[in-house]
Amino acid sequence: MKRTVDVNIPLGPIHPCFKEPVRLKCEAKGERIVGVEVELGYMKKGIERIMKGRPWQEVMFLAERVCGICSVIHNMVFIEAMEQISGISVPPRAAYLRVIANELDRMQSHLLANFSYCYTIEHETLGMYLLDLREQVMDELEHLTGARVTCAYIIPGGVRCDIPRPDAELLQTSLDRIERDLRRYSGMFADGPMIALRSRGVGILTQEAAQQAHAVGPTARASGIAADCRLNHPTYRQLGFVPVSRKDHDNYARVMVRFDEVVQSIGLIRKCLQDLPKGVIRGGGVCKAGETRYSGEAPRGELTYFIKSDEYGRIVDIQIQTPSIMNIEACCHEMILGADSIADVTSTFVSADPCVACTER
Amino acid sequence: MTILQRIKNKVRARSIHVAYVDVGSCNGCDIEVLACLAPRYDIEQYGIFVHNNPREADVLLVIGAYTPGWEEKLAMVWEKIPDPKAAVAIGNCPISGCLFNRRESFVDPPVKKHIPIAAEVPGCPPRPTEILQAILSVRDSVFANWEEEHP
Amino acid sequence: MTTYLYENDLVPQKYRILVAHRHDTLVRKIALELDIPVQELRRYLIEHLDMMLLENLPARAEMADVHADQDDPIARALGREKFTQYLQILPYAAMEPIFHEVSGRVHAGTPMEDAIAYGREKMREELRR
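Residue numbers (my numbering), protein chains in the order written: chain A, 1 to 361; chain B, 1001 to 1151; chain C, 2001 to 2129.
Any given hint could turn out to be false.
To be verified - Computed, partial: chain C to chain A, Cβ under 7 Å: (1) Glu2055; (2) Asn2056; (3) Arg2076.
To be verified - No more than 30 Å apart at the CA atoms, straight line, and that leaves these computed lysine-lysine pairs for DSS-like: (4) A/Lys52 / B/Lys1113; (5) B/Lys1080 / B/Lys1010; (6) B/Lys1080 / B/Lys1008; (7) B/Lys1073 / B/Lys1113; (8) B/Lys1112 / A/Lys52; (9) B/Lys1073 / A/Lys29.
Rather than coming from a laboratory, the hints here were simulated on the basis of the structure.
Glycine residues also receive a C-beta, built at the ideal position from the N, C-alpha and C atoms.
Looking at chain A on its own, in the form it has when it is part of the complex (with noise of 0.2 Å):
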């Protein structure tokens, strides 16, 4: 669309702020900014279409690899989503070893969108910090699952690898000094007077616009609506999971509620550990033919995949909806409109935890 403006401001593809490519062409009147434009098609590599007419046990890897920083939800979800098509039930030992690892993996994403905030405000000791309570966790993360990144754990009817009694006691011990930590840092973060200068009241997203672009997670629990898809899964039922919601709309919000969610994560992993079933972590199973919506939290909100498959576990059809796909429109449409400088661009843009690579898939 054409229209006449003072100033057309590109940011991107490369940007120091920007951990991916990704472009936004700031419409500006004086420093005002009064429209943004996204150009997209940076790391669009056709994922979908790859899936289509493989046998899951190929889709299960490429799944993962939809997105490397969530790498154990797109495994969870499509996992799980295939196990209700076909009616394959998990042992209990082996769902709480996912909540697990999900909950790792959830950790070590909000902590490296918080460094990303922190990083983009020019607070690089807070930032680094972040970073180095990241390691502690992909750290845990690599005992339970045996890697870093893109780990596989999950697997339909179980998971790979069992907890043995030591690494649970360890993983016990590691938690308590990261909730040391991590109540330390965001202590620093929420009463740090110039941080609070640069976030609080910068990049509003009201709940009407948080519901219109149907933004979730992280972003939209922050602008007052508590949605949250571990309410509906039966594992996180039992655990008595409440999702933690702000009411400020703004920068300063979203990153408090990832470091709520950290916390909050913390706890639920002690309860697992606690009450961890015995039994077998595979029950077995045969993926079948059948079609289903499903859906399951990611750190960065609510992620669906639609499946069809057919009698042989082959994928027919497959769509991914991931979370950063509303998320970063309700940022780019919403939020940023208003910002007062540039500067403010690429911090709110930031606080949204965009994630192209999900988007474009």
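Following the hints, complete the assembly by docking chains B and C onto the known chain A.
Chains B and C alone, transformed into the frame defined by chain A:
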């Protein structure tokens, strides 16, 4: 080799500025490059500094399987980097396309076709230490004897 | 003809987004609803919406089905909020006079279907402008 050239070599090898460009990966390698920034790996003890600006970079980390959006643009980024320079391919994607290199996909690997690559780090994704090691080996082979080779 | 240094022609990439299974179903549904050819609607979408909005169209349409125009049956049938705020196909300023005209006709005694068909005609004119 004059003493001035020796000093130049030494200084060049001790200040490596790194830029990374993602040309269509799954993000996994991206965050492993970011993890290199963590205090645990302490890359600044080797004089490596990551700030994503091609115009003052020495080493370009290329991640991903080359999507159509990067036609022309990747070559432009490569031209903007001042000499001496080196490109390092991180992960399987820029080397072979990994699992994205199938029928029906949009990618066009390897990246070697489009810009010259000095080192390759296979892995899906490689560990941060391996990425660090690759940058250090490129430093020794490209920057530490640049003056003799380009008089 | 101006040539830009960095600007690419985005039409092929936008088209790729629109022909993905879920987006294609939605575009066909909207085309049927507005009674215009699919190709024409695709071209309109490619020209007027940016890539992020195109990616998000199915999610927005889902939310529109649940939340848009809860309390006004005429607005719901016409898709007042659906096409302006949710899908952002038409500008709000263009939709408002159409809606007022249609609701005026309904209150004056015209059957609902005829009034909506008239509104759709006006919307098509707006799209083709």
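Mind listing which of the numbered hints don't hold for this structure, in increasing order?
3
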